[in-house]
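Participant: One-letter residues, chain by chain:
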Amino acid sequence: MNRLSAENVTLAYEQRVIARELSVEIPDNSFTVIVGPNACGKSTLLRALSRMLRPSEGRVLLDGQVIQSLPAKKVARTLGLLPQSSVAPDGITVADLVARGRYPHQGLLRQWSPEDERVVQESMERTGVAGLADRYVDELSGGQRQRVWIAMALAQETPLLLLDEPTTYLDIQHQLDVLDLCAELHEEHGRTLVAVLHDLNHAARYATHLIALRGGEVVAQGAPRDVVTAELVERVFGIRCQVIEDPEAGTPLVVPAARKARAAAV
Amino acid sequence: MFVDTPSKQRVETPPAEPARRRSAVKAAGLLAALALLVVVATASIAVGAKPLGVGQVWHGLFADTGTYGDVVVGERLSRTVLGLLAGAALGLAGAVLQALTRNPLADPGLLGINAGASAAVVTAITFFGVTSIGGYVWFAFAGAMLVGALVWFLGGSRGATPVRLALAGMAIAAALQGYLQAMMILDEAALGRMRFWTVGSLSSASWQSIGQVLPFLAAGTVLALALARPLNAMEMGDDTARALGAHLNRTRALSMLAATLLCGAATAACGPIVFVGLMVPHVVRSFTGPDLRWILPYATVLSPVLLLGADVIGRVVVRPSELQVGVVTAVIGGPLFIFLVRRRRTAQL
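Protein chains in written order, with my numbering: chain A, 1 to 266; chain B, 1 to 349.
One chain only, chain A, in its complex shape (with noise of 0.2 Å):
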């Protein structure tokens, strides 16, 4: 049984439901990416999953138990979020935001230990911004932000880590950058990674797992070689393509059809 699972969750913001009767399982040790249009309840499905958002009916289990029934310090010490946003308190530097990431390891009678220090100079280290510890927050460019906060979730050591659009306003280089890392924390300690990506060609080339959604319910899932075609494509996002193998990485690689194609679809 994998460690992270849905089942058959109805999800609602008061009275808005985002997706009913949702099942999803999350393969452990994947790279498992959610896709699909805009308000197809994919961070919804996130947030359901990391317990920002109880579900108004079924449940979401984590090492099966139901997530809201542990304690709030052992689900953070398991299964770690990084939000589409978070504020740095003003004036804070680098290592003092990452080391705010050891909170779910403290307490009242076990405060910093040499310990949390190693973990926030590894975490610091494995994401690049070792070099910045010392620098303020705000000073720093979007990309570099990105990594800060990336670092602060690792720093909470936890084997499951979900990101909820990690690469949204970055530029296409800082966009790389950040899979790469998530693909390098994913290899080398078989973290189970679950992100939301918009952008699908990122998706077929980085995740292990797909999971495409639509109106709330789950179109299709599994690996992207098997999972990206055509057909999946029209159906999810509802634009004619083709899809053909990336040169570069072996993946499925989706090439929207021209303006005049697609209109002609119409």
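Note that these hints are calculated values from the structure, not bench results.
On a predicted model such as this, the values are computed, not experimentally measured, just so you know.
Glycine included, each C-beta is placed from N, C-alpha and C at the ideal position.
Pair ranges (Cβ atoms, derived):
#1 B:Ser-23 x A:Val-66: 39 to 49 Å
#2 B:Gly-334 x A:Tyr-13: 37 to 47 Å
#3 B:Gly-159 x A:Leu-109: 28 to 38 Å
#4 A:Tyr-13 x B:Gly-129: 52 to 62 Å
#5 A:Pro-256 x B:Leu-150: 48 to 58 Å
#6 A:Glu-139 x B:Ala-49: 49 to 59 Å
#7 B:Ala-35 x A:Val-87: 30 to 40 Å
Sample of chain B residues lacking proximity to chain A, with all beta carbon distances greater than 10 Å (derived):
#8 Gly-129
#9 Ser-132
#10 Phe-153
#11 Leu-186
#12 Ser-204
#13 Val-274
#14 Val-316
Chain B side only, calculated, beta carbon under 8 Å to chain A, not exhaustive:
#15 Asn-232
#16 Arg-242
#17 Gly-289
Starting from the known structure of chain A, fit chain B onto it as the hints suggest.
Facilitator: Just chain B now, kept in the frame of chain A:
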């Protein structure tokens, strides 16, 4: 793998060392602040209508033989102790409220806690005929607690957000201010009594009123200091805080409770003193950085320095009469605050 402008990096400094050094500097700074507090407290005992030398202060404190000087020291001592306690409480409460509401302008006034205490005292004077300071204390404290609870529930209790709490507090404060003004205009006797109480003063300090508020101050202080780490987590946004395993509702409720205990008790004992709770945490943050584990103790030590300092100045400038401490903190604190904030790296004024 990551491409960066090398000139921007300072790879040559091992990062762990500066962090440790900064902690050492901050600890030393806290000791210096404590030393400053001792100096100001001594001045608060020495300075007044009858100035005393340090020798006489020592004599009065530790070798009381009932001389005139010793009596004066005894009287000023309760005033100084109240200033210490109230100052620490207001600064600590302000720091907690600023973190809770993620609003650098938050202070006990913003959440209506002062207004609640004032409204309760004017009610006590007008409708219950209470005239003793000892009687005010309980009314003021009850008013502060009541408003604290009301703000919490109107702010959404379990669904409370910083903005909703601040809006609920402001609305209640405005309504209570109206009530206060109406009462003071309609009832001249109440006006006379309230006029002094609403400015905030240490001159009516007594061991009795200190004893009344002390348990609440102690409970509030312990609670507030224990909240430093969860409040740190909350400052990074709700999602990040929850992802780190912090309990949002519990932390918010306990923060409101701690702030209400502290402000309610301080206000009950010496009337609403504005500005200390706003200014000191703000200034402290400019040199400690955003870590509440440092901000809270610093605010606790430096707020009474400001309050007692202002009280001493208030006794000197119009000798042999005196200016109330609430007036002096505002008059001196305002310009000082602007000066300090403008010097800051992240100056936003």
